[in-house]
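Colleague: So you can see what is in the structure, the chains are spelled out below.
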Amino acid sequence: MIETIRSLGRWGLNTFERLGRAHIFLFQVLTGIPGLAFRGSLVVQQLFYVGVLSFALILVSGLFVGMVLGLQGYNTLVDFGAEESLGVLVSLSLVRELGPVVAALLFAGRAGSALTAEIGLMKSTEQLSGMEMMAVDPIRRVISPRFLAGFISMPLLAAIFSAVGIFGGFLVGHGLLGVDDGAFWSQMQVKTDWYGDVLNGVIKSVVFGFVVTWIALFEGYDAIPTSEGVGRATTRTVVHSAFAILGLDFVLTALMFGD
Amino acid sequence: MIQNKSTEITVGMFVAAGLVALFVLAMKVSNFTEFNDDAGYQVIAEFENIGGLKVRSPVTMAGVRVGRVSSISLSPETYEAQVTLSIYADFDNIPTDTAASIYTAGLLGEQYIGLEVGAEDEFLQDGDVIDLTQPALVLEKMISQFLFSKAEGDD
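Chains as they are written, first to last, in the working numbering: chain A, 6 to 264; chain B, 237 to 391.
If we strip away everything but chain A, and leave its shape as in the complex, we get (with noise of 0.2 Å):
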């Protein structure tokens, strides 16, 4: 008995030590941001990496599930007699909701586990102790680059995504099933909102940017160096990335959409 209370407690001090060093982590990033102003190709190697790699599966993925919202969506649509509606289906659902999260998702998946396990390797074999050796800063040096990089590709991923879509939308709707063209367009241009809607979707990806990317970075640093280790924190990331990212998407929802 005393034995069970014991080990959940273990387990909750545990999990508290983390959250700090998470933070305390997070601080030391953000603080190494000011200084990237004169390291910018520091920040563009990374944007390479955790954002023009990504581009093809966003662009891939956005298209294809453009293409089933409208195919799903005529055929509930068409029982109403309000096909015309599908433009509005479409954009609605990929700009507040699909596209912040499904984006947000796959770059968990792409860009978090590949940055997860590139911070870790480097922690294992002791190329982060190495620059500290030099007085070089890692996280300034490493780790603030991929944050800003990955701060910065994830909301236009998902902008790219919402785009894509609609336009995969709009290629099933209009070109396989002969919905209207021009009902399509004007029906979504009166029913979507720039602020309430869009600007919602894009504050989402951001926020979303921002916990990938600082959950990913994380778990590298923190990770046991060994390889299993590695393997372990990059499945991590990609866990807590995805609990993260619906949990926080619920949230977001309630605050935007809620009234």
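Please keep in mind that the hints were generated in silico from the structure rather than gathered at the bench. Treat each hint with caution, since some may be false.
To be verified - The calculated lysine to aspartate or glutamate pairs, modelled on DMTMM-like cross-linking and capped at a C-alpha distance of 25 Å, are:
no. : chain 1 : residue 1 : chain 2 : residue 2
1   : B       : LYS264    : A       : ASP185
2   : B       : LYS290    : A       : GLU89
3   : B       : LYS264    : A       : GLU22
4   : A       : LYS196    : B       : GLU346
Claimed, not checked - Examples of chain A residues toward chain B, derived with CB under 8 Å:
no. : residue
5   : PHE21
6   : VAL49
7   : GLY56
Unchecked claim - Label pairs and their computed distance ranges (CB to CB):
no. : chain 1 : residue 1 : chain 2 : residue 2 : range
8   : B       : GLY287    : A       : VAL83     : 21 to 31 Å
9   : A       : ARG146    : B       : ASP326    : 32 to 42 Å
10  : B       : GLY287    : A       : THR81     : 23 to 33 Å
Here the structure is a predicted model, which means the values were calculated and not measured. Built from N, CA and C at the ideal position, the CB exists for glycine as well.
We have chain A; now place chain B onto it with these hints.
Modeller: Okay, now just chain B, sitting in the frame of chain A:
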């Protein structure tokens, strides 16, 4: 160095693609373009019942959209719904005796305000009040009235 250059080019293209996507969402998907002619004027109309009218519902004249509902509140004195319409600046020649009614687009569609043009020579200014209003039709009320008149007729 060449490696670095091509990296920079692809990153530049990536960022540009993201911004273009955002631009497309603004211009093609959302109503961002409408905010340019936001500099219209406000007119107030009091309705007995607004039904399902919402903020941002369209205001039309002869079916053409001339503005949007910008706010809805309850008047403390008359207990009527006070609806503020913001009319686009282009339509500055609406006579003062214009009537406002609440209609429904289609059977299940959203509600909007239709303006019927009056005959006065003076035009509505910012802050003016539309006196002639017709409340929204509430289906339950109509049915009960219909049943009531039917029952009366049977006697």
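Colleague: Hint compliance check: list the failing hint numbers for this structure, sorted ascending.
Modeller: Hint check: 3, 5, 9 fail, others pass.
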